[in-house]
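Peer 1: Given the coordinates of chain B, assemble chain Y onto it according to the supplied hints.
One letter stands for each residue in the lines below.
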Amino acid sequence: DGGITQSPKYLFRKEGQNVTLSCEQNLNHDAMYWYRQDPGQGLRLIYYSQIVNDFQKGDIAEGYSVSREKKESFPLTVTSAQKNPTAFYLCASRISSGYEQYFGPGTRL
Amino acid sequence: KQEVTQIPAALSVPEGENLVLNCSFTDSAIYNLQWFRQDPGKGLTSLLLIQSSQREQTSGRLNASLDKSSGRSTLYIAASQPGDSATYLCAVITDNDMRFGAGTRLTVKP
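Sequence order for the protein chains is B and Y.
Residues 1 to 109 (our numbering) make up the first sequence, in order.
Residues 1001 to 1110 (our numbering) make up the second sequence, in order.
In isolation and in its complexed conformation, chain B is listed as follows (with noise of 0.2 Å):
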């Protein structure tokens, strides 16, 4: 089964801790994307990655942080800079040829 992976579904963070939120696909997706979600607000990306080892601060990239040494893993940390986390985090992969994006389940923190 091809898809996208995300974990845990629940998260729960202390004031001053950092956690990571995993994201895997089996997709063989070149770029990779982190979303924030807020009651009534659309999606807003936190950051991409276009390319192993590389990626780019999206709109609200403060307070968060990323790493891609494999093409198919793109773990999200939320560090205690951010002082606002609770949100629904949503990873998305796309092929580089094409332009529509696919989902994973999404974690709650």
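Simulated from the structure, these hints should not be mistaken for lab results.
Source: prediction; values computed, not measured.
It is possible that part of the hints are untrue.
In silico lysine-lysine, BS3-like type, Cα no more than 27 Å apart, as pairs [said to hold, decoys possible]: (1) K1042(Y) to K14(B); (2) K83(B) to K1001(Y); (3) K1042(Y) to K70(B); (4) K1042(Y) to K57(B); (5) K9(B) to K1001(Y); (6) K1001(Y) to K57(B); (7) K57(B) to K83(B); (8) K1068(Y) to K83(B).
Chain B side only, calculated, beta carbon under 10 Å to chain Y, not exhaustive [as the list claims (entries may be wrong)]: (9) F12; (10) Y33; (11) Y35; (12) C91; (13) R94; (14) E100; (15) F103.
From the three backbone atoms N, C-alpha and C, an ideal C-beta is built for every residue, glycine too.
Peer 2: Positioned in the frame of chain B, the structure of chain Y alone reads:
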């Protein structure tokens, strides 16, 4: 900066009714527009992708149209069913950027 608006924010209809969801965007220089469905607490499921050169796409009871010049897209759902209840989001794709609307929460009553 591209702004995407979806109206209405919420919609409730009786089963069997045909309905239209609206999406508007401020910059007409888009590559594609994508409609998604999101069930509560879940990720997004892609419904339809309309390329900039197309005017509409159809999948089953769903039909999406795109008018770039006026900055509008509509999602038409025919013969609505309670299983269609979800939030529907549109996303506008420009170069490497994807901008989402806040969504329309649809409830179809049996």
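Peer 1: Now tell me if each hint is right for this structure.
Peer 2: Verification of the hints:
{"no.": "1", "hint": "K1042(Y) to K14(B)", "in the structure": "holds, 24 Å"}
{"no.": "2", "hint": "K83(B) to K1001(Y)", "in the structure": "holds, 26 Å"}
{"no.": "3", "hint": "K1042(Y) to K70(B)", "in the structure": "holds, 26 Å"}
{"no.": "4", "hint": "K1042(Y) to K57(B)", "in the structure": "holds, 25 Å"}
{"no.": "5", "hint": "K9(B) to K1001(Y)", "in the structure": "violated, 33 Å"}
{"no.": "6", "hint": "K1001(Y) to K57(B)", "in the structure": "holds, 16 Å"}
{"no.": "7", "hint": "K57(B) to K83(B)", "in the structure": "holds, 18 Å"}
{"no.": "8", "hint": "K1068(Y) to K83(B)", "in the structure": "violated, 39 Å"}
{"no.": "9", "hint": "F12", "in the structure": "violated, 16 Å"}
{"no.": "10", "hint": "Y33", "in the structure": "holds, 8 Å"}
{"no.": "11", "hint": "Y35", "in the structure": "holds, 8 Å"}
{"no.": "12", "hint": "C91", "in the structure": "holds, 8 Å"}
{"no.": "13", "hint": "R94", "in the structure": "holds, 9 Å"}
{"no.": "14", "hint": "E100", "in the structure": "holds, 5 Å"}
{"no.": "15", "hint": "F103", "in the structure": "holds, 4 Å"}
Hints 5, 8 and 9, counting from the list given before, are not met by this structure.
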